[in-house]
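Student: Put the complex together from the two separate chains, hints included.
Each chain, written out:
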Amino acid sequence: MARLSLDNVTKSFANFDAVKDVSIDVADGEFLAVLGPSGCGKTTLLRLVAGFEKVTSGEIRIGNEVVSRKGGSVAPEKRRVGIVFQNYALWPHMTVAENIGYSLKVAKLDKAVARRKVEDALALVNLQGLGERRPANLSGGQRQRVALARCLVAAPSLVLFDEPLANLDVHLRASMEDEFASFHKRTGTTIVYITHDQAEAMALADRIAVMDGGRLAQLATPRELYHEPANEMVASFISQGILLPADVLSAEQAGHCKIRVLGTELIVRCRPGERPRIGAKICCRSADLDVSPDGPGFDGLVKRVIYQGGSARIEFTPSTSPDLTLHFEQPDPVVLESGAQARLRIRSGWLIPAAGAAA
Amino acid sequence: MSTRIRESRGQEMVLTAAVAIVIVLLSLLPMLRLIKEIVAPGGTLSTVAIKAGLASPATWIATWHTLVVGIGGTLLAVLSGTLVAVLVTLTDIRARSAMVLCYVMPLMIAPQVTALAWLQLFGPASPFLKLFGAAPPLGTRNPLYSTSGIILLLGVQYGPLVFLLVRAGLRKLPRELVEAARAGGAGWFSVLITIVLPLMTPSIMAAAALAFVSCVGNFGIPAFLGIPANYLVLPTLIYQKLAGGGPAVLGETAFLSVLIGVIAMAGIFAQEVMSRRRDYRISSTSLPAEPYELGRWRPAVQAGMWLLIIVVLVLPLFGLVLTSLVPGYGIALTAKTATLDNYRFVLFEHDAASRAFFNSFWLSIAAAFFAVLVAVPIGYLIAWGKQRWVRLLNLSVELPYALPGVVLAIASLLMFLRPIPLTGIQLYNTVWIILYAYLARFLVLALRPTISGYHQIDRALEEAAQVAGAGLFTRMRTIIFPLVAPAAIAGGLLIFMTALSELTVSALLWSSGSETIGVVMFSFEQGGDSNYAAAMSVITVAVTFALMLVTNLLAPYLPTGVLPWRD
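In order, the protein sequences belong to chains A and B. Heads up: the first sequence begins at 1 in the numbering used here, then just goes up one per residue. Heads up: the second sequence begins at 1001 in the numbering used here, then just goes up one per residue.
The following block holds chain B by itself, in its conformation from the complex (with noise of 0.2 Å):
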């Protein structure tokens, strides 16, 4: 009787032991190593690293560049994301499901491929300038390597992340609220300006903060753009430095990483306390508020939305995909000088570039697999779980994805520089660092939409299985995972696009045989073959886009908000 007692809780707690080793492992480990590495380099207390990072003249201006590219970047993201969450929500705009598609995809596009896009497009060398013969003489310099050129790109990237959060503030607004304003005598302009966004305050300032911490731990535009013309910010400062001076400066490095994190939180920070200094909290819950007819203005608006989505998507693309199909720099496209051969080169001829291509692939499945496998446990622990610590479990995995991805690379350099203890294995210089970094950034990508999976089912199901006789083993396979298979695998797909075309992490982890395509175009566009990072880069979005169709067909089995580009 009392060994019946005693056994019951067995697997639970094996699960729970599981599930603490991995997130230790991840999330944990890697932020204490490297707060070590600051506070007491070489294993005693001291304040040198810090006092040498301080001393460096480098350091301050790459810092001033983030903090000038992070702000301007934030703010064109927060005004342009909130004007079309606002045109998109609120009025009777047509055609509002391709809108939000469109204009969310430049999300699911890694920065890198955004910022080849826009520099072959207004570059001496555009085909596509060269298609109307207004391409300025060669030799002259591209007008994006500049701070406007990075400030404008990161606007770009990151308004659709912008209008995602306020959208879906924007639909928990309730009608009454807007509808009192206009009984009260208020027209459409001054609902908006006196209500809608003072109640939108914290969507905004959430999606500001999110803005300003991607801005900020940024690297593939910063490295496109501003390398270039010799403007540095923190990512591409340590960078430069990793890359010249290799581990002999990973302490230095350590410092600067720590800075542009403590930058990203104190971004976050500032929101949280702009949000507390006044009560937005909205009581209620009801239909959302009708939309707003445009009347005679509505073909206008909605051409000025689809030439926004032109410029900032289909020309872009428009300009790779030309470069791509171009023999040699500067060449101008016609029917007779497009070739393929960029294609074949970087798929079959270049090795770096073949072998890149095997790397990310099975890089991303591994980390998208094994993501969905450990989130639906960690999933189960979070949502259903009664432990409280359990909460502080769900942050310390948002931790390394919240971070800039910088900070998680140099981490992960700092713990496996040395083979790792006891065992001898040695993961520094190999590919496997990289998987282990892409594990712990992205896994948060994978449980939260198996958490909000979670909270849609009803948990007699599996009480029901449970009275069956099923143990938690069985109750995982056979109820568990089938019913939050959905929303877990959704996650693990979004994981492989994201990892697909990393550059972050893998430009400070790669060593030679274990580059990732994102690496391979960097140096492809350093090198000055824009046309076979070109190439690569409109692979890897085709894949992308692929890759989108084949989810959505998830789409109904899915809680709303896991797929971003679905309205």
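Okay, chain A solo, but in the shape it has when bound (with noise of 0.2 Å):
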């Protein structure tokens, strides 16, 4: 078990900074969820994490050990870190337990002791008796957890996954999640794990560092990513939240301020020094807004109600600024019609930090 933690972390390809001044600090025995979309750096954060690529600038340490540097770089093999691929790289060539033996074999352990781990590590994700079996006779599932046998019974000092789901079913899926859940719980292993699944790392993850293009948008629990996301990458990238333009009104007071948004005036939660300004924004979720035929709000016209079965999801654009779009969802029986005005009325929100405060 060992901490990880990179600092300032860049890796420059020819002309692009596939990332760029990462710094994360993993807490012994965490498990740490990088979420993003395609092609953000997540997965090239993890290859420098592993050794395969070396960082441009910046350090990455795991335990008290300095791995990469600018310079320098321990060897993978070296690292004592353990991964679960994507597609669970089992050598075809060689049986399940040679799979999971192999690198006791390669440190040379003592034969019998190798099998009595092997076999430990087998019954660990419930393969008993599967060791002669060829990983081509394996269903999907069963490879996952050799995948994960094969890094576990090195005892590894950190354990990274690379979206190991995403070639699963979606049943599989649950399944290997609440599998994953309590490894972690029985191991106490630090975890990194690359997902571009937001429900995924939110139900695994104490904390999900959320990348974009290449950068570091947000590090912090998944409550906190929901409720009071940092900027408006995160704020409409998690859950798909509505970004709104707003003018604060009043200083900060007890976690609220007063703000005008598409006409009306609301409180909102906010940032503890926030003082007035304009052209902010705030973040609301669809759970936030409300039908209000009478009461205070705004008018608008409804432009598309999807049914989805037990609820719509209803696509509204406010009159006083046409170029945005509002949804929210209205349980049965839903009574807007794609074409109608409506009143609508907001009842809470987030106010994103102004760009460059410190976290």
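Don't read these hints as lab results, they were simulated from the structure. All of these numbers come straight from a predicted model, not from anything done at the bench. In this text, a Cβ means the ideal position worked out from N, Cα and C, and glycines have one as well. Treat the hints loosely; a few may be bogus.
[To be verified] Simulated restraints on C-beta separations:
(1) A:Glu132 / B:Leu1079: 49 to 59 Å
(2) A:Asp332 / B:Pro1556: 51 to 61 Å
(3) B:Thr1044 / A:His93: 54 to 64 Å
(4) B:Ala1098 / A:Pro92: 28 to 38 Å
(5) A:His93 / B:Asn1230: 35 to 45 Å
(6) B:Trp1432 / A:His93: 29 to 39 Å
(7) B:Ala1098 / A:Glu132: 47 to 57 Å
(8) B:Leu1079 / A:Gly213: 37 to 47 Å
(9) A:Glu119 / B:His1455: 35 to 45 Å
(10) B:Gly1244 / A:His93: 53 to 63 Å
(11) A:Gly213 / B:Glu1293: 31 to 41 Å
(12) A:Thr221 / B:His1455: 40 to 50 Å
(13) A:Val334 / B:Ser1190: 40 to 50 Å
Tutor: Here's what the structure looks like:
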């Protein structure tokens, strides 16, 4: 077990920065998910930690040892990290037991000891008795578990998961998610888990690092990401947050401030120390929107109604800013129709901190 | 901490250095040595060698002949190969894989064996023609001893080469392009002329360039068909000069071999220029076009295809077998006269012949074994390595094979005529110089399949071993080699088949005691003992076919295209 820290890590390929000035501290035994759209640099980040890529600048430490820095890098085979690859990467010419026991064989461990460890690892992932099979004769979920056992058996200080569920069908995903969670609980290993699936990241991780264009957009607990996004990218990326332009009218008081949005005044949550400013943005969730035929609010047009079974997703354009689209759910009975006029009310929201404000 | 950071690249450096040394020794050094002989014979810059070469009328005649048979053979190969590729790939012809196998087979047979087989088929002593009493009277000149004979056989030998490349191109042709033309009202023939063939220009050009290089550098066919008619091309001129003058004329032959190299390169260059004139890029990928239904023409087209195969493959081999069973020149073959004496003679009684079998077998095995061993690390650096100079590396490994074999043979002679400096080891006049030339020339045959093997393997398999703590050499041994082994070994088998009856290189490098099968076959034929030459040919062809069958067992584990004869 060990902590992992990245200090201002940058990785440039020919003429673009795949990872730019990223600093993350992963505590001993923590489960960190790295989340982001494809091409955001999350896979490069994983390969940097594993040692397959060398940093352009910055420093990576595992435990107390510097493993990557400009001008030097500990080879991947010497880092004692485990990786569960997206496509499992099981060696087709070896049996399950040989796959799992490979690192022990490389380390020239005593054969009897190695055999016992392989048995234990198989038992841990519920694959007793399948040691003599070839990977080709296993189901997708079984392969995933072999990959897990293979990386466990060497008792790595750190385990990296590279989108491990991307190739599995929906049912299997849910049960593997449970398995990963209990694996983490049982072993207490430090885990870095790369994914593009928010639900997966939210369900599993202690903290989530959201990446965007090679930069770290926000590093926070799942709850904080959802309720208090640090910038517009995170706000709109996580659970399809709705971004609305707003002017801040009052300074922060007990975590709240007064703003004007779409012509109405509103109290929203905010960071300490916010002062009145214009051109701000707030983030609200579809659950924060209400239809209020007579009360306070703003008028607009129902653009589309998409029935989703039990409820409908309504897309709505306020008449004061026709280029904005708000969406919310309306449970059955759905009364709104596309083309109809309606009046909406925002119940609450989160004031997105000004760009450049300290996190 | 910092020591861990520093030690990590050690094994990779060792591997890279070893690979670099092998490539310098096998590819760069011989080429540089040859160039030095031309521009600076004896160590000082001068144009003497070039001037002497250009002044000789024999040079010009042989160059002219080389161009004539080179271009003629290429045209024939391109026409026949493209036609067969179109018929086999785009129509609903039956028994496709069998047809591909049979049509490609002449490629696996050594050119001098092809030449011998055809000579036996049409000569006055032909046991085949005698079966029908149709043989010309003894003493009549064999019609194949002529320019058109050489062109015909070059076309037969390299038609399959064109076929393979054009077929690969046709398979990538997206069906939408054909379907759009047909929807636009074009009939099948106009689709072929206006869409398919124009789009295939790059494939056909590349195939033509390859066929040209092969025709120009071919030694076996002009040696068997041209030397008796005193029709010399550059490779046979070099052979005759060396056979007559020995090492003294090495400088002169060096010039001639560079001349062949230049002609071959000119062919490749012309192809580059032609392919760049228009944009032939195919952007989309999709399923191949539906095969064209030949309808009532199908039986006729199929019959025509099989007739072609009978003419280019079955009849010559049949003639070869018949000749190998005849007790002596000109005797008609009957149930009574048929004998296996020729086989017994070449295998057990004739010293040089039995030595040649021994030599060729171990040379081929050694070359194949070494190439497989070296191809795995070289392929690793080329396919998965990060260094940019590795691309150049790939190019320089291709060079000794892309250039005609004569070029490499002369370069090897120049390198090893004197003992190797510092060690005093003498390779000249030993079997080792042949081994060196085989290694240099055929390495690429194992490298190409190995590289395509690497491209099929998920790199994560190696990375998984790396994070499991395995160093580079351990990964090579336990993960990488087992995974690319089928492709590399298939390449090794290709080398074995090619080297077994190889003649071009060994004809210039052999000495008494280090004869190869090709060399002894050639000297039997020159001495008029066609039946012994035929017996040796039949044995090598049989071994080659048997090996093809064995190699087929590897097919399920190979990337497509590694085994040329597999559809």
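Student: Work down the list of hints and note, for each, if the structure agrees.
Tutor: Now the hints, each set against the structure:
For the hinted restraint 49 to 59 Å between glutamate 132 of chain A and leucine 1079 of chain B, the CB-CB distance of approximately 57 Å keeps it satisfied. At about 56 Å, the beta-carbon gap between aspartate 332 of chain A and proline 1556 of chain B stays in the expected band of 51 to 61 Å. Taking 54 to 64 Å as the suggested C-beta distance range, the pair threonine 1044 of chain B and histidine 93 of chain A conforms, at roughly 58 Å. A hinted range of 28 to 38 Å holds for the C-beta pair alanine 1098 of chain B and proline 92 of chain A, which are about 31 Å apart.
Taking 35 to 45 Å as the suggested C-beta distance range, the pair histidine 93 of chain A and asparagine 1230 of chain B does not conform, at roughly 58 Å. Checked against the hint of 29 to 39 Å, the C-beta distance between tryptophan 1432 of chain B and histidine 93 of chain A comes to roughly 36 Å, which is consistent with it. A beta carbon spacing of about 40 Å between alanine 1098 of chain B and glutamate 132 of chain A contradicts the range 47 to 57 Å that was offered as a hint. Checked against the hint of 37 to 47 Å, the pair leucine 1079 of chain B and glycine 213 of chain A fails, with Cβ atoms roughly 56 Å apart.
A C-beta distance of roughly 37 Å is found between glutamate 119 of chain A and histidine 1455 of chain B, which places it inside the suggested range of 35 to 45 Å. For glycine 1244 of chain B paired with histidine 93 of chain A, a C-beta distance near 55 Å keeps the hint of 53 to 63 Å intact. For glycine 213 of chain A paired with glutamate 1293 of chain B, a C-beta distance near 54 Å fails the hint of 31 to 41 Å. Judged by the Cβ atoms, the range 40 to 50 Å given for threonine 221 of chain A and histidine 1455 of chain B holds: they are separated by roughly 43 Å.
Between valine 334 of chain A and serine 1190 of chain B the beta carbons are some 58 Å apart, a value that contradicts the proposed interval 40 to 50 Å.
Consistency with the previously given hints fails for numbers 5, 7, 8, 11 and 13, ordered from lowest to highest.
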